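First to last, the sequence lines map onto chains A and B. The first sequence begins at 1 in my numbering and counts up one residue at a time. The second sequence begins at 1 in my numbering and counts up one residue at a time.
Some hints could be false.
[To be verified] Dumping the calculated SDA-like pairs for lysine to any residue here, alpha-carbon to alpha-carbon at most 25 Å:
{"#": "1", "chain 1": "A", "residue 1": "K96", "chain 2": "B", "residue 2": "A237"}
{"#": "2", "chain 1": "A", "residue 1": "K116", "chain 2": "B", "residue 2": "E242"}
{"#": "3", "chain 1": "B", "residue 1": "K190", "chain 2": "A", "residue 2": "E204"}
{"#": "4", "chain 1": "B", "residue 1": "K48", "chain 2": "B", "residue 2": "Y148"}
{"#": "5", "chain 1": "A", "residue 1": "K127", "chain 2": "B", "residue 2": "K85"}
{"#": "6", "chain 1": "A", "residue 1": "K163", "chain 2": "B", "residue 2": "E242"}
{"#": "7", "chain 1": "B", "residue 1": "K199", "chain 2": "B", "residue 2": "T184"}
{"#": "8", "chain 1": "B", "residue 1": "K223", "chain 2": "B", "residue 2": "E242"}
{"#": "9", "chain 1": "A", "residue 1": "K212", "chain 2": "B", "residue 2": "M15"}
{"#": "10", "chain 1": "A", "residue 1": "K127", "chain 2": "B", "residue 2": "E242"}
{"#": "11", "chain 1": "A", "residue 1": "K96", "chain 2": "B", "residue 2": "V44"}
{"#": "12", "chain 1": "B", "residue 1": "K28", "chain 2": "A", "residue 2": "K96"}
Derived from the structure by calculation, the hints contain no laboratory data. Note that the coordinates shown come from a computational prediction; the quantities given were computed from them, not determined experimentally.
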Amino acid sequence: MDMLLNRLKELTNNKYFQCIQCGTCGGSCPYGAYTPYTPRRMILAIRLGMVEDILNSNAQWLCTACQTCTSRCPSRIQITDGIIPALREKSLLEGKVPEELSTALINIMRYGNPFKESPMKRDGWAKELDFEVPTMMKKKSAEVLLLPECFGAYHRRCKQATKALAKVMKILEVDFAILGREERCTGDHVRLCGEFALFEDLMEKNMKVFRKYEFKYIVTHDAHAFNALKNFYGLNVLHHSQFLHDNLEKLKGMFNELDYTVTYHDSCYLGRKNGIYEEPREVIRSIPGVRFVEFKRNRENALCCGAGGGGIWLDSVMREFVKVRPAEDRVREAKEVGADVIVTGCVLDIPMFEDALKVTGLDGEIVVKDIAELVLEALEGG
Amino acid sequence: MRIGAIVRIVPDLVMGIEIEESEIVPFKYVPNERDEHALEEAVVFKEKTGGNLEVVGIVDDELRDDEAMEEALALAYAKGADSLKKIVLNRRTFDRREVARAIADHFKDYDVVMVGIQSIDSFAGYLGGILSGVLGYSYVGGVVGVDYDGGLIVQKELGGGVVGKFRVKTPAILGVVSAERPITFVPLVKLRQAMKEMKVEEIEVEVPDMGGIEVVRFYEPEKPEITLLEGDVEELADKLVEVFKSLSLV
Chain A
1 MDMLLNRLKE LTNNKYFQCI QCGTCGGSCP YGAYTPYTPR RMILAIRLGM VEDILNSNAQ
61 WLCTACQTCT SRCPSRIQIT DGIIPALREK SLLEGKVPEE LSTALINIMR YGNPFKESPM
121 KRDGWAKELD FEVPTMMKKK SAEVLLLPEC FGAYHRRCKQ ATKALAKVMK ILEVDFAILG
181 REERCTGDHV RLCGEFALFE DLMEKNMKVF RKYEFKYIVT HDAHAFNALK NFYGLNVLHH
241 SQFLHDNLEK LKGMFNELDY TVTYHDSCYL GRKNGIYEEP REVIRSIPGV RFVEFKRNRE
301 NALCCGAGGG GIWLDSVMRE FVKVRPAEDR VREAKEVGAD VIVTGCVLDI PMFEDALKVT
361 GLDGEIVVKD IAELVLEALE GG
Chain B
1 MRIGAIVRIV PDLVMGIEIE ESEIVPFKYV PNERDEHALE EAVVFKEKTG GNLEVVGIVD
61 DELRDDEAME EALALAYAKG ADSLKKIVLN RRTFDRREVA RAIADHFKDY DVVMVGIQSI
121 DSFAGYLGGI LSGVLGYSYV GGVVGVDYDG GLIVQKELGG GVVGKFRVKT PAILGVVSAE
181 RPITFVPLVK LRQAMKEMKV EEIEVEVPDM GGIEVVRFYE PEKPEITLLE GDVEELADKL
241 VEVFKSLSLV
């Protein structure tokens with residue numbers, strides 16, 4: 001209990017006990033109606049010494065780290081980055097870990113990725129391109145370090161977004177390179193799951209690799225990697241929507257017309273966590289022929305895809321509580337506003353929404369594209 | 001209840017291997033996955049019976065200090081093993097009869113010993129079965145659950161979705177295929193703490209030369225020829241018909 005309280009003090013800057021029990025968090029939470037312990041009730045239960053009751057309910061795992069509660073909390077309590085990971089850490093230390101998450105964490109610890117894939121194959125996506133993507137090991141310095149992170153490097157669908165981004169960089173004649181086999185998980189989900197020692201270990205190992213090479217800034221299309229590198233590693237990093245926005249004048253001259261009705265999904269770790277709302281919208285709107293429509297719930301109010309904070313490995317836990325996944329609600333919202341393309345800013349969104357399209361029967365009516373894929377399509381002529 | 005569990009390390013196929021004619025050279029070793037299940041089941045059984053769990057690492061002399069063995073023993077300690085041993089074989093052998101003979105004397109003091117039913121680097125697996133033969137103990141393989149009601153009750157997968165439950169006389173060796181709960185994750189902070197605190201009794205044993213099996217060569221089988229059919233649905237259908245015709249299927 002003492003360890004939990006110390007961790008809560010550390011992660012919330014001693015603010016967790018300042019909760020005024022207003023219930024804004026639970027009212028905002030996508031799972032608020034289903035969870036036995038909303039953040040408000042969690043804090044109350046902690047005050048009453050009922051921590052084991054929370055842990056036994058599994059409510060600590062029913063959180064996709066979407067940051068909605070934190071962004072709205074009038075007492076500014078770090079719920080997502082503090083209360084939830086602290087409770088999860090206690091679960092981990094007590095050996096109460098959901099199965100898929102357990103497997104992902106073992107793989108990250110052993111191989112630096114959750115898929116049990118060889119680190120030697122981390123640059124496999126680059127070999128599928130018809131041009132060479134240089135590694136830092138060979139090149140030693142580059143203006144941009146492109147970081148695909150685990151899903152962007154290994155996941156069959158997410159690799160397509162990585163390749164699209166690399167192609168856009170080549171078209172823009174950007175001097176870029178990758179870490180390839182030297183790259184490993186940046187650990188944002190690991191941290192949000194409460195495995196702080198593993199997060200620090202990953203950060204230490206990654207920093208050693210970063211320090212070996214010269215680059216001006218990192219570009220990543222993984223919103224969680226972006227968050228970790230920006231707010232925890234303290235590195236100069238751009239989300240790829242910012243990078244595309246920075247190059248928009250050059251891109252505009254090369255865009256061809258597309259015939260899509262596009263809506264944009266604000267990823268939690270771009271929007272609510274890091275305040276990036278306008279850059280991706282400006283990039284999308286600048287493509288001729290694209291009709292841009294907003295989700296009804298957009299910007300700070302956007303609904304989470306469900307993958308964050310380890311949510312992508314917690315499906316069986318969530319299904320105990322929730323019959324309709326947030327991603328399924330989200331693709332129905334896209335249908336409501338008449339979109340035929342959902343553009344995303346985080347690679348994790350892609351498999352979440354594509355799965356949801358199949359479940360909801362909207363597959364074929366709506367497609368999901370990373371913003372780099374949309375831009376590449378406009379550059380290549382649709 | 002005196003419970004034993006065996007852990008071994010095997011080439012990490014995720015990291016890759018180099019195949020030479022006379023040997024397979026791994027880039028890295030990793031705890032044997034089936035033994036991780038055996039350990040997990042042994043931990044579950046300790047929780048059920050309140051027994052004493054001793055985990056025994058078995059490793060060749062040249063790998064005695066390999067970090068994978070240290071990790072395997074530290075994971076066992078972090079999960080609740082009461083004591084740890086490491087049996088060092090004086091030479092490498094893939095013949096589990098030789099291993100069983102070499103280690104048998106050190107497995108006489110347990111009521112139950114759990115071991116993974118296979119490891120990828122042996123000629124035929126079944127260390128547990130052979131060890132039970134050497135010791136004259138009961139043996140059940142394919143184990144997926146172990147209970148105790150004053151005697152040992154073992155669940156075994158019989159295939160085809162059928163599970164059998166058996167009363168087994170102790171002492172017994174159990175070849176575990178899958179623990180009744182998933183392998184639990186040990187947080188890094190607990191793993192590091194275990195590495196710092198654990199005490200491992202090291203025992204060196206001589207491996208008898210029983211002969212009978214020699215390595216002729218290791219090699220990768222020839223890859224089958226793959227033809228990728230491309231085109232629209234109608235073209236693909238025509239091409240498939242041609243393929244079926246060539247195979248005399250239509």
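Comparing the hints with the structure gives:
With a CA separation close to 52 Å, the supplied pair A:K96 and B:A237 exceeds the 25 Å bound. Taking the CA atoms of A:K116 and B:E242, the gap is near 39 Å; set against the 25 Å cutoff, the hint is violated. For the given pair, B:K190 sits about 18 Å from A:E204 by alpha-carbon distance, which is consistent with the 25 Å threshold. Pair hint B:K48 plus B:Y148 holds up; C-alpha atoms about 8 Å apart against a cutoff of 25 Å.
For a cut-off of 25 Å, the pair hint linking A:K127 to B:K85 is broken: about 46 Å separates their Cα positions. Taking the CA atoms of A:K163 and B:E242, the gap is near 36 Å; set against the 25 Å cutoff, the hint is violated. For the proposed pair B:K199 and B:T184, the alpha carbon gap of about 22 Å is at most 25 Å, so the pair holds. Proximity of B:K223 to B:E242 is assessed by CA-CA distance (about 23 Å); at most 25 Å being required, the pair is judged to hold.
At most 25 Å may separate the alpha-carbon atoms for a hinted pair to count; A:K212 and B:M15 meet this at roughly 24 Å. Of the supplied pair hints, the one linking A:K127 and B:E242 is violated, its CA atoms being roughly 33 Å apart against a limit of 25 Å. The hinted pair formed by A:K96 and B:V44 meets the criterion: a straight-line CA distance of about 13 Å does not exceed 25 Å. For the given pair, B:K28 sits about 29 Å from A:K96 by alpha-carbon distance, which is inconsistent with the 25 Å threshold.
The structure shown violates the earlier hints numbered 1, 2, 5, 6, 10, 12.
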